[in-house]
Each structure stands twice: as structure tokens, then as C-alpha cells.
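*Asks:* Residue strings, one per chain:
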Amino acid sequence: MKILIDRLAFRNALARVEMAIDRKPTNPVHGGVLVEAANDHVVLLTNDVDMAVRYQVDFVQVDQPGWAVLPGRELVDIVKDLESDTITLTLLDGGQVEVRSGDDLCTLVTLESSADTGREGTSHSESFPLVPALDGEPAITMDKGDFLVSVNSTRFATARMQDSRFATEGILMELADSVVTMVGTDGRRLACIRRPTTGGSGKKARAVLLPKVLDQIYRFGQDEEGESISIWFLDNMVGFRMGNLESFGRVLNKEFPNYSNVIPQGGKHVVRAHRESFSKKLRLASHLTQESAAVVRIAFSANNMEVASENEGRGRASANFEVDYVGEGLKTAFNPAYILEGLKAAHSDQIELQIDDAVRPAKFLLGDDYSYVVMPLSALV
Amino acid sequence: MNRIHALDRIVVDQIAAGEVVERPSSVVKELVENALDAGATHIQLRMEDGGIRLLEVRDNGSGIEAEDLPLALTSHATSKLRDAADLDAIASLGFRGEALASIASVSRMSIMSRPHGAKHGASLECAFGRVGQVHDAAADYGTRIVIENLFAELPARRKFLKTAATEGAHCLAWLQRLALVHLGVGFEVSQDGRTTFQVHADDDLEARCAAVFGERIAADMVEVAREDPQLGVKARIGAPETARRDARRVHLFLNGRWIRDARLLRAVREGVKEFVPIGHYPTLFLHLQIPPERIDINVHPQKTEVRFRDERAVFAVIVTTLRKGLASAPWATRAVGPVGGQVQERSGFAPSWARPLQDTAGANSFDSSGGFPVPGSNDQLPLTANEVTPEGEYLNFLSVANTFLFRPVTGGVEIIDQHALHERVNLEELRKEVRAGAVMQQALLMPALVEVSAEELAELLEHRETFLTLGVDLEAFGDTTIAIRGVPARLTRLVPESLLRDLLEIARQNRAATPDQLQEEMLFSMACRGAVMAGDRLDRPALEALLRRGADLPQDRTCAHGRPVRVFLSQEDLERAFYRR
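Read top to bottom, the protein sequences are chains Z and Y. Under the working numbering, the first residue of the first sequence carries the number 1, and numbering increases by one thereafter. Under the working numbering, the first residue of the second sequence carries the number 1001, and numbering increases by one thereafter.
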């Protein structure tokens, strides 16, 4: 293998695959980056079991095809610090790869390599965990922007701790009737968003994904060419393709809560509020909550909402602002962080709160087909 | 056929000696106590071969009249007790009149004594119970007793003695116990010609602790006293980090008598709970003063066990005393102020936390299987009322291994364990809420369902009310499933299912416990479960928030399980590590 590659292109490619470098590999090969050169491009592949990323760099001068698994951490780090515009990678006899850039020279010991001609999409590696090719008709094609917004609208509501019964650390992705539903919940609040597909086989499908892969897509998807994303449901994996980026996420084999039962349909009280004012008042009040057990009390009456808090020993806050509401009013309490996170992800300037009473879940409509359910707090007296 | 006959007097004494004289240290105890009862102000102990070959106790006490010497070696002869009525109010250390006779029956003993004012002394020898004649002798004022060849004629007993070094250590330990509590009396020990222990008559308790526990430990001990004619206490408590798994550094005294009682040790454990790791005992000198008529020490010949008329009050006092002392002890974090605060010298403890003892009298009764009333367990643990310190300074820290936070403080560096701190923060905050009846509950969107056995289900539901006070809302969901509908709002990291398993475990282990005790145990568990773990990566704002929350805790030295929250390395410690000292 011998290639000449643009340094920035190579560095960007590595940034995309970096997240899937196995940090604590049981087999050292899994901690590497598979670099495969053929024709006029190079394909990079990393796989840490939870997710895999395959990225193709075009316009590469391939003098000699071949492939090598290079130590991931080291490769990423040295490429960051090389300065010349181009980099030459040369596989030497004896399983070493010379990385030359300008006057700088690094030699990396490969974890596995071959001078054989690599054909696109296939590799001869024996121990590096490969991923299936994304060919055939995808299950979903949809607007990339819609997909990224869906990720951003649900990701924050996922649980940080693992639950043994429910896969709440993951995000549910469901396809039915040309609509993709994504749901994130931690058992205390739940975010649910629906977006239409633009194509694909349209068969019903459902998977719970670890957020890691969605984070990676969210971070790099915007930069990829094309306006759409294609999604394949594979055996215990979901594959995503945007331009030259292919990401694979492991599917969680756990039940996901039945979200549709949880989302209330309508509410006795309906309050419409300006998102920005609501956020500001909440933030103001949350400065004077107990740092650990933040509680804000929310009371609304005709066209007014009061957000109040108290931190024993430090002080109290009360903020009022105008809302659109008619009715006898209601008092309830929430963890302000939960509402603030929802408001931050909201798509529209006006949000709507639907609530029955102080103990049942409150539903926030934060945009078209985007609802966010939060359980209120109650004081035990 | 064997006929019944009365035993020979010597055999009777030897049998009695089995209870009183087990090893050389028992002899030391008996003889030194006699010397103390005789009003001695200076007592010397000389040992050879750990006291097995020779043991000599010399005092400057009142001495024994020549004509009384033979009587001293007769069993049940004593100068300390006259009739049965005196038994109810024993003020002297010995009273049974067994010791000397018992020792004389198992060794070669010689007594030399000269009462004050007598022209000369007298001596008497006794070999394994065979008493000789009284002779005039030249002697100092006081009494000198020499014991040689202990158990030499009783091979069965001798066989059970350990090495000379071990026996010598036991002898020394007994003498130290007596030396700790008998202020105004000087003690001197020489072992095989070397002086190994010495306190002077005018040495105070601090000096005595230094002699017994070592200078470093003694310097950090804190004194707590309680003046009460019915139940007085004087205690010196070592810093928590000197706690050990065995109770060898626990010295409990009752009216000048060293006692060792499993129940009292339990009170000690209870008192140090949350301050030292579970199963550890502190370095402790604790002297109870109770009028003799309110106690019974005539339980065992060695008199190390006691019965109290008012047992619960005594336990309560031990527990409160320990808490008070530990709370104000200079810890590993010696002069450091609150977590997150600037360094300040600690002042005295805030005594407002302590509830009057009467409050606990009405609590549950003590029995060996259940718990016992713990004063103040529902109160805040006492710690220095720190002045409010300006924020900002503490935000200068370094997180290591996602576990430890290093921060420079005046005079050194402080290391904080993030899990332990979070656990303590959770505990204190939860406790405060629970006490105020203001626990906020976070209802769950969908109840967490946990499979349990029918028996477990019944057990959990039995404590439903207690759980509810903590913000945990449980409900039966069929015969073998429990539904958790709500969890405490502040524990956002809590996984409902593991919480339930813990609660079940606690309910089982504390069957006899009162709801209050159960609640306390659950608080511990929830605090721990809800805390970040060692190795959990926290971003800087989260760490800062944690430190800020830790800044005004009533107790911020240990986690709920007694492990340290923070350790202070002084400049001196650092210099030592770099051989600059």
C-alpha cells in the first residue's frame, strides 16, 4: 500500500471515525483504524462494538493498493500535528507503515496488514471486525435536516444511568406509515418527535439505538454532501449513510417503554407561552433553588404565569409573565432543568402546555409533531 | 465408692484462682488494684520473663499491720467490705477478698509491708498455699509483694501461658489501663531491667494518654466532659483516622474500674457510626462516674462486666459523648474549613444539636436482638459552625482519575473523594428534607415494575409508610410485582430498581428496628445509590456544583459509611515525602 493524501482531508476523515476507536480493546486489533486503499480513494473503518464508522476519502493518489490496521490513537494524534499539506502512507516490508509529511517522518507498527489488492467494500483482514455493506434499498430515506433535528429533540431526555428493564439509555426509532418517530425518555420526562420519510421500502421497523452513534451523526452529518439520509435496519444494527459517511449503531436488546400510553391526549388546562420569556423566568427562578433538588413552583391564572422558587437560607424568587390562558388556574411544581432542556430544544417561538392537574404528566408542545412530557414534582407532607 | 468430703482449703483457693488468676496480667491487675485501694500515690511494677518468673508490685500505700498479714492470705478476708449492705455501694476496686489468697495458692509469694507510723515492717512468705510465719523485716512504708514462679506447681495451668513477650504485653496493658484512670498516682514499669512505661503522680490525663497511645495520637485527642452527679462522663477521643478494627484502643472505665462489656462496645460502635468505617473502633478513653448504688459490678470475679440500673441512659450518654467528641476532633483534614470554603481554624463544636437525654428514655427498650435508643441520631451531626466564606477560592481544583479532586488550601493540599462527598451531600440534604417533612417526590412517567416474591412483597408493603416519608412511592402490582410510582426528586441518578432491592435488604436486616431507625438506614442507602461513583466523569460545572453543595454541610468529613470524604496533606507531610524534613 502506498498513498498520497491531502492532510486536511485525512484529518477530517479520522475525526469522523475517531469516536468508534475501541478505547479498551480485548483484541488489540479492535483499537485500530482499518485503512484500505484502492483505485482513487481510501476507506477508513473503526469499530468498537457499540458503533462503527466507515468513511471514504475521494481524490487520493493510490500508487499501490493494499490495506493496514494502524493503531488508532497514535494515528489520530500524529496526523493532528503534522504540518505539510500532504501525507504519504507507505506499507513497508515487515508490517510497518511509514507516515511521511514534509520533513517529518513517523513509523507506525501495523496491527495487521496486507499488500494484497483491496477491492472496494471488502477487506482481507482476518481479525478486524468488519461491517456489512449498505446496499439494496434502504428502509428509510428522509430529509437530513429532519433527522438531525429529531436527534437533537430527543437525545437530551435519555437516561444517563442504565435501567435493567427498559432501554431508556437509548433512543427509540420507529418507522410506520412513512413517518419516523423518535423517542427519548429517562422515566421522568419523555420527548417524542415525528417526521415524514421521503422514500425507502417503508416497511414497519423499530430499533432502540445507543445515543453514541446518533451523537456522531449529529456532529458530522451536517457537513456531508446531499440533503438526505438513508437508513438500513440490519441484524442487531442500524446503518446510516450520508454522502461518504456510513455509521452503524448497535441495537439495544431491551424493551422500550410504551411511550404512546404515556403521552396525554390534550389537557384540561391549556397555556400558551412565549418560549424565550418562559426560559428566562425559569432560569431566573432556578438561581434560587436548592442546588441538588431544584424545584420551581409554577402557578398560572388568567393570562399570567408565576414561576417561583426558594432556597432555604439563601433567598427566594418569584417571576411573572404574560401567557395566553383562560381558566381557573393551577399550581404545580417541576424540576426546572427538565423544562429548560425542553425549551432549549423547542422549534417554535410559541409553546403550549397542556396539563390536567398537579400530579398527572404535563405535556409541552414544542413544535410541529414534537411533544415533551414531564412528570411534576409533589411535596410529601 | 467415692465418698463425699470437704475440699482442702488450698484446693478451694486454687479452684477459685482459676477464675481470678488466669495469667500474669490478672495478678498485675489484682495487686495494683489493691495498692490503689490502699491509697498509694506511687506504684512500681517489675517483671521478669513477662511476669511468669517474677512479678513485683511495690506501693507507698497504707500498708498491712503485721498481725493482719496471715489474714490477708485467707480467702474472703478483706478490709474493703464489712456486711452485705456495703455490697450495694461498692466504692473500692476489690471487695471479694479472694485475690491474694488465690494468687498465693498458685505461686510463691512474699509480702513485705510497713504501715505508716510503724517502727518496722513485717514479712510473710507463702508457697503455693502453704503459709509461713510472720517475721519482722526492714521495709519502706507501704507494701511490696513479690510473686515468683506463677503456676509452677500447676503444669496444666502453666501450659496455657503464652510466650513471655505476650504475657508481658498483657501485664503492661493492664497497668496502662489503671494508669489512665488513676490520676494522682505515679506508675512505673520495668520489664527485664528496662523501664518501659512511666507516668508521674502529677501527670494529667493528656500526659497519660500520650504515654499510653503515643504522642501523636494523644495530641489530636479531644476532651469531652459531662458534669452530672448521677451520670458523669469524662472522655478523650482520638481522631477518626486512628480507628482500628480491634477494640484494643477502647478504654472504658466505670468509677475508676476498667470495664469491657460487649453491650458497651456496641454503644461505642453506634457512637462512631458515620465517623469511622463500619466495624472500626476509635481510640478512646471514656470514664463513667455513676453512684455505686446504681450499678452492679459483682457479675464476674474479674469485674470487667457491669450491670446498670439505668442501662439506656448510660448507652445514650456514651453515644452522645462520642459524637460530640468526634465531631470536633481534628481530622485528617486538620485545619481545613468546609468543603469549598477557605481554610479556617476550627472552633468548638456547636452544642445545639444535642437533644436532652430524657427524650430518648421513651424510645424503644433495649434488648440484645434489637437496636437501642440513639440520642441525636435524628439530629444533625454536630460540627463546627463555620462562618460563611466567600466563594470563588475553592473552584481551583484538579480532578484525578475521575475520582479525586485535588485542591490547594492554605498550608497544604486537600484531596476530596467525589463519591464520598456526593454521598454525604445527599445524606445531609435528604435528612434535612425528611426531618422537615418536605421531601419532594418525582413521579415516574411509567411505574418501574420489579418482580419480587410474594413474601418480599408483603414485607415491602408493611413499610410502605416509612418508604413514603423518604419519597419512595410503592404499590402492589399483582401478587409478585411491585410498582414504584415515585422516587425522591433530588436523586436524579437513582435507578428505581436497585433502590428497591436495597430497601428490601434493609427491611430484612432490621426486622426489629423502629421506623426511625429503618428510615435512617434507608437514607444511608439512598444517599450512596444516588451518588456519582468513583470513576464517573463529571464535567467542571458539575464538580463545581458538587463542591458548592458540600460547602455548608453539618458533617463533611466522612461518607455515610464512615469512609473519609477528604484528606488533607499538610506542607509538612509533603516536605516529609520529599525528604525535606
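Keep in mind the hints are simulated off the structure, nothing from the lab. Treat each hint with caution, since some may be false.
Each computed EDC-like pair below joins lysine to aspartate or glutamate, with the alpha-carbon atoms no more than 20 Å apart [claimed, not checked]:
(1) Z:K80 with Z:D104
(2) Y:K1432 with Z:E225
(3) Z:K212 with Z:D177
(4) Z:K24 with Y:E1451
(5) Z:K254 with Y:D1539
(6) Z:K212 with Y:D1539
(7) Z:K280 with Z:D349
(8) Z:K254 with Y:D1220
(9) Z:K144 with Z:D235
(10) Y:K1432 with Z:E312
(11) Z:K2 with Z:E137
(12) Y:K1234 with Y:D1220
(13) Z:K212 with Y:D1536
(14) Z:K268 with Z:E328
No experiment lies behind these values; they were computed from the predicted model shown.
*Asks:* If a hint holds in the structure, say so; if it does not, say that too.
*Replies:* Here is what the structure says about each hint:
1. Z:K80 with Z:D104: holds, 13 Å
2. Y:K1432 with Z:E225: violated, 56 Å
3. Z:K212 with Z:D177: Cα-Cα ~27 Å, so violated.
4. Z:K24 with Y:E1451: violated, 35 Å
5. Z:K254 with Y:D1539: violated, 29 Å
6. Z:K212 with Y:D1539: With a Cα-Cα distance of about 18 Å, the restraint between K212 (chain Z) and D1539 (chain Y) holds, given a limit of 20 Å.
7. Z:K280 with Z:D349: holds, 13 Å
8. Z:K254 with Y:D1220: violated, 55 Å
9. Z:K144 with Z:D235: violated, 23 Å
10. Y:K1432 with Z:E312: holds, 11 Å
11. Z:K2 with Z:E137: Not OK: K2 (chain Z) and E137 (chain Z) at ~34 Å, beyond 20 Å, violated.
12. Y:K1234 with Y:D1220: holds, 16 Å
13. Z:K212 with Y:D1536: holds, 17 Å
14. Z:K268 with Z:E328: Between K268 (chain Z) and E328 (chain Z) the Cα gap is close to 10 Å, so the pair holds against 20 Å.
When each numbered hint is compared with the structure, violations occur for hints 2, 3, 4, 5, 8, 9, 11.
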